[in-house]
Amino acid sequence: MINSIKFIALTFPVFYMLKKRSSYFLIAVAALILSVLISGCSSSARGKYFGKTVAPTDNVLRYVTGSEPETLDPHISSGQPEARIYMALFEGLVEYGPKDQQPIPALAKSWEISPNVDEFIFHLRDNAKWNDGTPITANDFVYSFRRAFSPEILSSSAELGFFIQYAEAFKTEQVFVKNGDAFLLSKDFGGDEPKPHVAFGPETDFNKFIHEPARLTLEGDEKARAKQIEADPKLKAAVNGAEFVPVKAEDIGIEAIDDYTLRITLRQSAPFFVGLLAHQFFRPVPQHTIRTWGKDWIRKEHIVTNGPFRIKDYRPYDALVLEKSPNYWDAANVHLDRLEFYPLEENSTILNLYKAGAIDAFLNHSVLTSWTEEVRLYKDEYLNFPEASTAYYSMNVTKPPFNDLRLRKAFALATDRVSLSNYRKVTKPLYDLTPSGIFPEYDKAREKVSEEIRKERGIAPEVWANYRKFDPEEARKILTEAGFPVKKNGDTYSCPNFPTDAVSITFNTNENNRGIAEFVQAQWKQNLGITVPLKSQEFKTFLKDRHDVQYVGFAQSLWSGDYMDPYTFLGLHYGYPNNGDAGFNDPKYNKMLDDANAELDPTKRYEMLARAEFYVMEQQPSVPLTINATNWMKKPYVKGMYPNPGTLFAWKFVYIESDPAKWDHDVENIMADSDPQFERQLNELTATQKAVTK
Amino acid sequence: MTENVEIIKGASLGRDAWKRLLRNKLAVFGMIVLGLMIVAVIIGPAIIAWTTGYTYDSIPEQKELVKAMGPSFRHLMGTDDAGRDILARVLQGGRISLMVGIISTTVSLIIGVSYGATAGYLGGRIDNLMMRIVDIFYSIPYILIVIVLLSVFGGPSTPDWIKWLSATLGGAGNQGLSQIFLLFFALGLVSWLTMARVVRGQILSLKNQEFVMAAKATGVSTFAIIFRHLVPNALGPVIVYATLTVPSVMLTEAFLSYLGLGVQAPFASWGSLAADGVKNIAIFPWQLLFPGLTMALTLFSLNFLGDGLRDALDPQTRKF
Amino acid sequence: MFSFILRRLLMIIPMALVVVTLTWGLVRIAPGNFYSGEKKLPAGVEATIRKKYGLDQPWYTQYGMMMSNIVRGDFGDSLKYQGQSVNEIIRRHLPYSATIGILGYLLALTLGLTAGTIAALRQNSWFDYGSMSLAMFGLSVPNFVLGPILVLIFSFWLYLLPSARLGGPLSLILPVVTLAAIYTAYIARLTRAGMLEVMRSDYIRTARAKGLDERSVLLRHAIRGGIIPVVSFTGPALAALLAGTVVVEKVFAIPGLGNIFIQSVLNRDEPLILGIVAFLSILIMVFNLIVDISYGFLDPRIRYE
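Chains as they are written, first to last, in this note's numbering: chain A, 1 to 694; chain B, 1001 to 1320; chain C, 2001 to 2305.
None of these hints come from the bench; they were simulated from the model. Any given hint could turn out to be false.
To be verified - Straight-line Cα separation of at most 27 Å, DSS-like style, residue types lysine-lysine; simulated pairs:
1. Lys588/A to Lys2080/C
2. Lys444/A to Lys662/A
3. Lys99/A to Lys300/A
4. Lys300/A to Lys2040/C
5. Lys588/A to Lys2040/C
Unchecked claim - Chain C stretches covered by chain A per the calculated footprint, using a threshold of three residues with CB under 8 Å from any CB of chain A:
6. 2004 to 2013
7. 2072 to 2084
8. 2277 to 2288
Glycine is no exception: its CB is placed at the ideal position from the N, C-alpha and C atoms.
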């Protein structure tokens, strides 16, 4: 660039000789711009690290969390950017393990699981305090759960807790039906038969109540309830003269047996429940503060937290500054003095700041696709690990043409996920609902089941290897059989009968979605001769169409797991309405999932889930596309931060390493590399639970 | 009796102006470039498709080619991240950008000039009311208008004539174009407001001049006074402002594309191409350079032309 | 004159309420809700939310309740950012937008007026062509392109200025320049056109004939008439500036009101949208009033009845 300025300076004398000086000016400006732009790309030599990398001398981590948090109240927001903040401020019964996100002890030092896997007892620490010194007891949890499920709290994550007995009824303001002295029971009106109750923990009055056969619940709203009653004559008869009793907070299946023992009772068995409890929705909130300040309790001047950090300063849209909390029970093991969270959304701004050394790490999915080639070379900083998060196209199975299973299969077979992943650079191909590489035990079960089914059907291994993957020949054959013949014209195909105005690829406008849509559209054009039009919509408009299943054809969907169990993905098409947004409702699939969750042996359960997954994928409610990768960076002096499947960090493990000899190298092996300080801390923490499970 | 009267052709205002315009070299340069650009975007895509087979939405079949490549013989302007030829996209994008500029500006000119001139001339209470209405419309966020227009009309209730237009210009099955036409209306609806204010300002200073009083005295109708006497005299800044409106509208469209509300995939406009290209500026500068330069060149030409028009139409501007 | 100003001032509040009503209508027509997210809400939870926010009541009831609150200045709490009141949000973020907006416009005025005047005086000189071409450049480059280019040059190649976030006076330079670019271009061209108009007019010829030196002619007579188009432009430009700072705020990570406003529309956060719209509309109307008043001072031919 300096050269181009010199060049222009040299030609300045020409300026005075020219008559048409105006054109000179224009040419000079244009040349300057051109040279600036072109020389830019070749100006910087590559250093060892990406941009400025100097260990901060103060013990501070500067991190970009994502978009500005909706609120500091952990019960309300379900977003990931908020989750990262809550994990620093509030601690729950268990915490996400730093490497695998499996639950590790937090406020509960150990827990026990009932033989039916539908009841849990947690033993709390006796030395945990709120940061104003108030001790934390089991009562705080009972209060917090009841508050989180109360109808006044507008929480988007409440559904996660509906496994708890009567939680859904309380949240949605339903009622019990009391006839004389007895309540109507759900098993008499279509509900499941209750399993025999196995004693677990001390018998209390509440325990007796919660283990009675489940009560029937009806809608709280009179009109909706009347409709329910009208629909069932047996119910109508039974309801005659009965009283409707609203479900209260005290009815929820949570009990403080004593100050440091908590028992939670579910309405069905859920082996993944303990892992689920690490979610922000289940973290405790300070009842004394809420009683005093009401909805203002989260303001900077009033808020009271119990996590490893507390708020030092909060400037919305600018920075959230946290400092180490002295009253935290494990303060001795918190390494950072300060955490600075910056809410940024523009990926280019984030990368620029990282390169300038103004931030130390940032959230997942933030490296722009076009930068990936270059950034990948920085092996000490760029983290590319599989995430529990998938992208797929839901198909509207309620309207033609996709109410025909054959057409759905054809489009799925015509999609080459491998080249899509290569194009996206930061994803892997996906063929099912559940991503591979996240649940090793489940992956094994899937392979086993797949082999069993192959033998049952008597199909050769070579053919089976490509089953349901990329097979354009087969796709064209199915399409032709279904009544839309595919004609070959030299190198290209065409399918004139297909109603292209009855389908579209609908997605919300952002660069990634557009890239995927254009690529897949090109594939279908190439392989099937069908050009599916694209339809890009603004986010909220798009959500409405997708949630109401009003779109035509395909709709882009993304799903991240809420807990580390395949059920979080398989549950997408469970029941109705569901989050799969395909309009898919199959009672057989529902039953397969229910049966699997009732199975107590984990291996058998995974096999049953695998069979259910195989079954539902043959019904093809969606076209699976890709598994997302973590795709973020951190400076090599940041340790204790691992690319786990959720990109959520237990901040007390993170520390800044000032000795360059100990910095992270080749982060591809970061999970296997040994870090004595981290391991010691983790082992100390998990020792209490290990002692229980033996 | 036969009359052998030679009919002398009077020099009308139009012919005078045209002659003056042609004398202005920069304006002629602008006209030529603009003309070439218009021709290029009309026939260009067809020519490119015929010679090389590239269109604005053709992603190459060979997997190795699906990436950004620098300018070469096959791809004169290089390719974007999906391997699409940028020249084809720039030409297609030009169609849309130029249409946005021309249509929206025309809409805003017609509405704005009529409205502002009337308000300025009539004055008093009516002027007050009309300007208050402008104030009100100015405060409504146009982003909201765009969202509502696109979502309410972009679905099954798209009027038929919009569907016909989009089929003609973009090929069958292209519902995306109807969104673009709705965009034109939305942008036109927003940009007439400032035009009205500028015109009103001009008219306010002109309306008390002698020629107006003379016209009134000879009984010329209000309508004629406004449109045949005042408006032509106010044309100077109005034309300059109109030539400022075209880039402003094109930039607003680029801004909307940046937010995700403007031109939707698979279509592109110069603005949306620039928005995409700027992300890769440090590594693939040609993705920004070519659409940006094309847009700049077109807008430059528009401005030279606008200046020339102003100089030519304004009878008082003489070079002393 | 005084009664004219008073009448206009009194009209402002009712007009703002009309704007709020129209905006409210638009928000209600636009599909989508503030509570929708990637994961669907269970039907029971959605019903509870709708009940809590009064969304299950007929629209005229909701409108009535909302207007009675707004008239008292109470816009309520943001729907998306729970616990934060709309007034608080506006108060907190306005200073950022206002600072870069005002600095940007002042820079644009200074550069634009000067360049435009000189270009008009030296019509067809190299300065004229050069500066107008440069102005044209400012108009042809969108600010979301200009910003990153400036960051690339001044932050990454020259290491002179910070690339994002506010902190210290140096960090203001790039955002302000990016913002000012397009307005400088507009102002320079409008000034030139206006000045050219005026310089040819009779009263200027009279002034010269009277024997006044060029400088007095310029400063005392010509400028007043010449900048009328700029004055017309300033009113709405200043108000649009606040929403127009969005790109600069996004690129440079500045917590300004423009970005929050766009986000609130995309989030369907009705109280926040209405609050910001009401505030902006009052601001625009006040600016327009000031502009109209200054017409009267600048051009004696304009009389207000």
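Just pull the numbers of the violated hints for me, sorted ascending.
Of the numbered hints given earlier, those the structure breaks are 1, 2, 3, 4, 6 and 8, listed in rising order.
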